[in-house]
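Protein chains: 2
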Amino acid sequence: MSGIADVARLAGVSKSTASRALTGGGYVSDDTRRRVTDAAASLGYVPSTSAVSLATGRTRTVALIVPKVNRWYFGAIIEGVERSLISQGYDVTLYVAEPGSRDRESLYSTYLARKRFDGIIAVALEPGDTDLERLLAIDKPTVCIGNPLQGIPTLGLDNIGITRIITQHLIALGHTDIAFVGSTPPTDAPARDVDERSIGYRNAMNDSGLAVRIRSVPSTLTITDAYAAAASFLADAASRPTGVVAACDEVAIGVVIAARRMGIAVPTELSVVGIDGHDYAEMFALTTVEQYPEAQGVAATRLLLSMIEGEQPPPRTLAETRLVVRASTAPPRTV
Amino acid sequence: MSGIADVARLAGVSKSTASRALTGGGYVSDDTRRRVTDAAASLGYVPSTSAVSLATGRTRTVALIVPKVNRWYFGAIIEGVERSLISQGYDVTLYVAEPGSRDRESLYSTYLARKRFDGIIAVALEPGDTDLERLLAIDKPTVCIGNPLQGIPTLGLDNIGITRIITQHLIALGHTDIAFVGSTPPTDAPARDVDERSIGYRNAMNDSGLAVRIRSVPSTLTITDAYAAAASFLADAASRPTGVVAACDEVAIGVVIAARRMGIAVPTELSVVGIDGHDYAEMFALTTVEQYPEAQGVAATRLLLSMIEGEQPPPRTLAETRLVVRASTAPPRTV
Numbered sequence: 001m002s003g004i005a006d007v008a009r010l011a012g013v014s015k016s017t018a019s020r021a022l023t024g025g026g027y028v029s030d031d032t033r034r035r036v037t038d039a040a041a042s043l044g045y046v047p048s049t050s051a052v053s054l055a056t057g058r059t060r061t062v063a064l065i066v067p068k069v070n071r072w073y074f075g076a077i078i079e080g081v082e083r084s085l086i087s088q089g090y091d092v093t094l095y096v097a098e099p100g101s102r103d104r105e106s107l108y109s110t111y112l113a114r115k116r117f118d119g120i121i122a123v124a125l126e127p128g129d130t131d132l133e134r135l136l137a138i139d140k141p142t143v144c145i146g147n148p149l150q151g152i153p154t155l156g157l158d159n160i161g162i163t164r165i166i167t168q169h170l171i172a173l174g175h176t177d178i179a180f181v182g183s184t185p186p187t188d189a190p191a192r193d194v195d196e197r198s199i200g201y202r203n204a205m206n207d208s209g210l211a212v213r214i215r216s217v218p219s220t221l222t223i224t225d226a227y228a229a230a231a232s233f234l235a236d237a238a239s240r241p242t243g244v245v246a247a248c249d250e251v252a253i254g255v256v257i258a259a260r261r262m263g264i265a266v267p268t269e270l271s272v273v274g275i276d277g278h279d280y281a282e283m284f285a286l287t288t289v290e291q292y293p294e295a296q297g298v299a300a301t302r303l304l305l306s307m308i309e310g311e312q313p314p315p316r317t318l319a320e321t322r323l324v325v326r327a328s329t330a331p332p333r334t335v
Numbered sequence: 001m002s003g004i005a006d007v008a009r010l011a012g013v014s015k016s017t018a019s020r021a022l023t024g025g026g027y028v029s030d031d032t033r034r035r036v037t038d039a040a041a042s043l044g045y046v047p048s049t050s051a052v053s054l055a056t057g058r059t060r061t062v063a064l065i066v067p068k069v070n071r072w073y074f075g076a077i078i079e080g081v082e083r084s085l086i087s088q089g090y091d092v093t094l095y096v097a098e099p100g101s102r103d104r105e106s107l108y109s110t111y112l113a114r115k116r117f118d119g120i121i122a123v124a125l126e127p128g129d130t131d132l133e134r135l136l137a138i139d140k141p142t143v144c145i146g147n148p149l150q151g152i153p154t155l156g157l158d159n160i161g162i163t164r165i166i167t168q169h170l171i172a173l174g175h176t177d178i179a180f181v182g183s184t185p186p187t188d189a190p191a192r193d194v195d196e197r198s199i200g201y202r203n204a205m206n207d208s209g210l211a212v213r214i215r216s217v218p219s220t221l222t223i224t225d226a227y228a229a230a231a232s233f234l235a236d237a238a239s240r241p242t243g244v245v246a247a248c249d250e251v252a253i254g255v256v257i258a259a260r261r262m263g264i265a266v267p268t269e270l271s272v273v274g275i276d277g278h279d280y281a282e283m284f285a286l287t288t289v290e291q292y293p294e295a296q297g298v299a300a301t302r303l304l305l306s307m308i309e310g311e312q313p314p315p316r317t318l319a320e321t322r323l324v325v326r327a328s329t330a331p332p333r334t335v
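The listed protein sequences correspond, in order, to chains R and S.
As numbered in UniProt numbering, residues 1 to 335 make up the first sequence, in order.
As numbered in UniProt numbering, residues 1 to 335 make up the second sequence, in order.
None of these hints come from the bench; they were simulated from the model.
All of these numbers come straight from a predicted model, not from anything done at the bench.
Any given hint could be a false lead.
For identical chains, the list gives no copy identity; a pair is met inside one copy or between any two copies.
What the hints assert, rightly or not - Listed below are the simulated DSS-like cross-link pairs for lysine-lysine, each with C-alpha atoms no more than 30 Å apart in a straight line:
no.	residue 1	residue 2
1	K15	K68
2	K115	K68
3	K140	K115
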């Protein structure tokens, strides 16, 4: 039977590097990890989990908490976290629980209390949430993706700044009648991000002397709900805005689909901007601020692994974004 | 400190039921489980994982293998599996790896070889795949969602029968020029399901004497790819079919969006049917055969838990489906 020394020799690395690559006990480059896992595979070598755990006191597992799976943003984060943790030798235990739900309750009282993980990545936790205290009480390295939180390093967007930029984009094109679509009920995560985006829109409108034109259309952050909301708020041509700032791309896409169905030309009669860089953004020629949730998952993983190694990451890391102007925005027809 | 006896007393159940509810060692109704977990939570009782594992020889973890997360079908299955396993006291370890990828390779050589789980649920495994042998070699209870497989109980659809029904639906409306859209490259999972659906379409066309009209349009199973494919195959009015059988709803939706963009009226000039019951199906008034992947996730979990308890489920379980006729299909205009 082959041992770790054989694996190291075949991969051309030291025994300790081979061990790190196979057990996740420290950072190893993807390339080295591949060489080592290839060598291990060709020799049929599998490290004993219980032996590794006994030696390191680690489970080599990370708990990933998301409010839902089947939304583009959460799905992409899960893929990013999973891919990067797997490449570092960790398993991912997935917990899906909407804030305020019964599942969320037992998540904290039972599953997280078991502490069968070395660290936690939690997505879209709301500040002020009682979850926050309970998460801290677990006393394991924890990173959140979303809003800034007290006592937990977070990775997220400058929501206010981003929404200011896309609102100003419409104002610069000559729009004065601009609605914000997607002010959600507080149960629809991530509500705080949407609140901040709404503030960015309001700030930009106020700064441009358009305070009296500020208006919000409620919708959850799904294409279907935004489609339904748009069918109603776009119906009256007299009161129809010429521009829409959508809380996210799914809302923007719902508005575009509804507008097309109603014979309202985008962008000639209605300009629409979103936030996300959704898979469908290009198909709908959507002007948007791209964020990269899969890359955020990877970055959060890196932050967490550094914490597990004893480092203290900065309290707040801003994720990269980029404004992409496409054909869903243009000057309003009447200007 | 409270013990299991206190929890059982507060929940009004026997000690063994309380134990089963908290450790996942056997079936307990959702209602009883809630009473027990509520009681445990209010008493601050958490069963010791290592003690439970030592006593039962179980990890109370299930490995869930999917080719990707960010597709409606896979996302819904993940949510169903996760929800039902959590309610039975199990953790879910998520493995995301496309067949044929490097991640898939290390999944088998390293992660699954560790056997840190009591059972496996694998989604969209292809028959004849080398994965199949390796999965069997792990020698743990395993259930697959998708096509029938040798040696592993599976849960899935009668793809041939379903596609025959939707093709016949179009033929009965008077269509003779019907294309199948979504014949995928074999790397795009689940390729076998699509093959079968293509056969169902061909059978129905053949049976109605329409053999010479059989034609397939390649597209992966995404809205964006189908949109791009449709923009091309719908362009020439002379060769345009009057009906489209889509390999899934995402393909159907991509075709509908493209048709609308090109000024081709659905259903007047083009009827479109899909398979899925996607979240967006109603918004696009799509005639489709609904399947329920979240319920499939729940059902697969039940099959797996019965295997863990020593039962042998049937080799093949057919998932429920239902034809829903909406406004995307109508008689062709020329008839």
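Item to check | Hint numbers contradicted by this structure | outcome: Those not satisfied come down to hint 1.
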